[in-house]
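**Q** Residue-level listing of the chains:
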Amino acid sequence: MKTDIQIAICGSAGEGTIAAGDILRNALAGAGYRVISFDAYPAEIRGFGKCVARLRVTTEQAYSLKEKSDVLVCLNDEHGIPHVGEVRDFGAVIYEAKSIVHLAEGSHVSGHIRPAQVPYPLAIRELSERATGAIRSRNMVVLGYIAGLFHLAKEPFEKIINTKFKGKGKAAEDNHKAFDAGYETGAATFKLDDVNFGPPGKGLQAVMLNGNAAVAKGCLDAGIDNFFGYPITPATTIMERLAVEMPKRGKRLLQTEDEIAAISTTIGAGYTGARSATATSGPGLALMSEMLGLGIMAEVPSVVFVSQRGGPSTGIPTKTEQSDLNIAIYGGHGDAPRIVLAPTNVEGCYRCAGKAFEMAERYQTPVIVLLDLYLSNRYETVVMPAKPPFEPNCDKPVPKGDLGAGYKRFGFTEDDVSPRALPGMAGGMHVVTGLEHNELGRVNEQPEMHEAMSRKRHDKLKAALQHPDFTHYKRFGDEGRVDVGILAWGSTVGECLEVMFLAHLEGIACAVMKVVMLSPFPTEAVAAFMDDCDAVLVPELNYQGQFAHLIQAETGRPVHRYNRVTGTPMRVEDIMAQVRRLAKTATRKAA
Amino acid sequence: MTPQPIYLEEKLKEVQESGRLAYRSKSMPTWCPGCGYFSIVDGLPGALNDLGIAPKDAVVVSGIGCSSRFPFFVNTYGFHTLHGRVLPVATGIKTANDALTVIAVGGDGDGFAIGGGHVPHAARRNVDLTYLLFDNGIYGLTKGQTSPTSSVGFKTPTSPYENPDQPLNPLLMVLTYGATWVGQAYAGRPQQLETMIKQAIAHRGFSYLHILSPCVTFDKTDRTYVRLGDLVRDLPANHDKGDLGAALHLAMDTATPALGVFYETQRPTLADALDGLVEKAGGSVGQKRRTA
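Chains as they are written, first to last, in my numbering: chain A, 40 to 630; chain B, -1 to 290.
Some hints here could point you the wrong way.
To spell it out: a stretch of chain B is covered by chain A in this simulated footprint if at least three of its residues, at any positions, have a beta carbon under 8 Å from a beta carbon of chain A; those stretches are [unchecked claim]:
#1 71 to 84
#2 93 to 101
#3 113 to 122
#4 230 to 236
#5 271 to 283
If you are wondering where the hints come from, they were derived from the structure by calculation, not from laboratory data. No residue lacks a Cβ here, since even glycine has one placed at the ideal position from N, Cα and C.
Let's have the full structure, built from the sequences with the hints guiding it.
**A** Spelled out as structure tokens, the structure:
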């Protein structure tokens, strides 16, 4: 039996909502299911902001969350009520049965449940108090209840609780007790919904990672030497994870005084031959733009991870958006070509992170890896490769021995990449500079030299479009001619794939092409895909249609835009409405 | 002091035999004749040569400005970076490869106007590098505008009536930021300058050498050789360079700048601290070096 169940847990900040979601997704992944999960929470650490943890549990690969949830847990009434509507018919709504605060008419969850939904009133507070003497473990009670009600094995939960509360004294014991109390109640409850977990897939050895954790893992597996960063939501957790792991490997990480220093130190380290990276969000990338230009001019490798959030300016720091495509590709002054990669799922974050180091070294340029808050914080079960799929050294070899007086750091070569002498190499002394220079690196402002060097800096990147063992773009769905083709990038690709499956069910010929390498742009492949489409739809989470602009500029062909800036991931149903509309037009044309 | 006569052939032979020419680049400095910076570009090769640091093991990093053209005029590895960013780039280089001798150079505008936010952090982290600050109190490369160390009342194209701003006191700032070696030299005393560059490089930790220098082209009135030469004085004979309070008092006297080592102390460098983290995490110390 296929399993495809979405659970939403809803509560106030500080009620353990996100923690409950975390234990649930890890336990279910531990049990062998595939999980995709994304939490929404307010900017405040404490207080009364609403938190929602959502996870979709499947046996087949899923690409995004679903429109409707199968199970909703309300840890409090106020925040739960707006979400009752998202539960499908015959789905389950679990809520506090014995509220101790006075609730006015209409402010209790029970009053909002539709007849077709199945209510499960649960004495959450009371069970927690009876089990542990405190109300703090309410989130564990509901986890136990879910496990009991849906006949899930207890063991994966117990394992995660042990790991999570290791060394926290009585907390582990209390949480086990609360979980057991909930479990017994759940197991004894007469189940009326039709939410059923089938057995998990066989032999799925997956780990649960979010995008930022996958980036950190990719950095480590690619042998990162140095990391320099400045905290900023939603990129900070990349640095936090590396701060734990890099010293264990003898590597150095430094929190700098600002983003300008972060990119400057990264480029300084890159100049010595070390694999170095930094991570930031849009505001930080704006500050880094000038130094990235130096990295391009001086041909020094560096890797910059950028997790986008709502902008411009400080914008909406805890909401997702895809509005930094322009600054990533074009940001900065002058003709400043660079490599920009945009992973589309958590596994892609791992691969792009590792490959970014290869490319930075191979093409001697900054590489920007563009995530967004949704992808940074989205959890997915990822099957890791047996050994890291990254090359440890991609530097173009320099001649052995003393390089001597004739060494040309920026010499013109067939592939426009010049062998790079690193500080410490005998005879390789040279100066790199942000000024236009000749092959030796000496300042030269002659018209011919500026043209030749500009061409070198641009043309050397063309080879990146054939960089080995990397998915630059990929087509999914129907072969040949289609009614509607969707061109997508970044975190939105998951929703687009779900839309494609829906379109197929409705008899619409549909294909999706995801583009991972945004710069240099795979123009030919994208144009070939567009040739196959009666209509091309470009859904993205920005107001301007930045990816649509890029496609139109590169291919000279029109596209249909669909832009949302709600701060939340794109809704599958919204994109689907666009596909239906375009499919009708396409059919009319054909007739 | 009676000037000693110099016989060109003898001097040339002496310089050629000293080995310091190996540190000079084939590119000749682009500075104006008479610029104070010539004594610095003469001093650094001598200092590196005396310390036995091979050209391949030294990296000279600079920002933007007249002084920041410096890397082109020495035969070491060099990184001519952006306006104000010399210290973070130098920090990145040193953090990635301990074996390199890193010398950061730049002017008063580069270091204390646009780059002022980086100085405290390089100092407090005690990054093991040497910062040579060429202070001429002017923006020379853009043809003579006011800098953060220009005197009040100084007239330039951007302050045609007069400079209304108080000058910064870089020495006082760097001392309070936690630099572990702080000194002042004068371009008009090249031998002392060379000795002090040598001491600054030999120091383990963040060393800051403030070098007073005239801009002969754009400043005909304030910091000329004649005026500076009259004002500068030797350190008081009883100055204790281990005494931060005494060093602060010296730095506060901007009317008659003292020349010499103001302050010197030892504490763990950034590299020591980062190695300490590696040990705490249970890793083994030893940066992977990808250099030859």
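**Q** If a hint holds in the structure, say so; if it doesn't, say that too.
**A** Hint check:
1. 71 to 84: holds (count 9)
2. 93 to 101: holds (count 5)
3. 113 to 122: Answer holds; 4 residues pass the 8 Å Cβ test.
4. 230 to 236: violated (count 0)
5. 271 to 283: holds (count 9)
In this structure, the one hint that does not hold is number 4.
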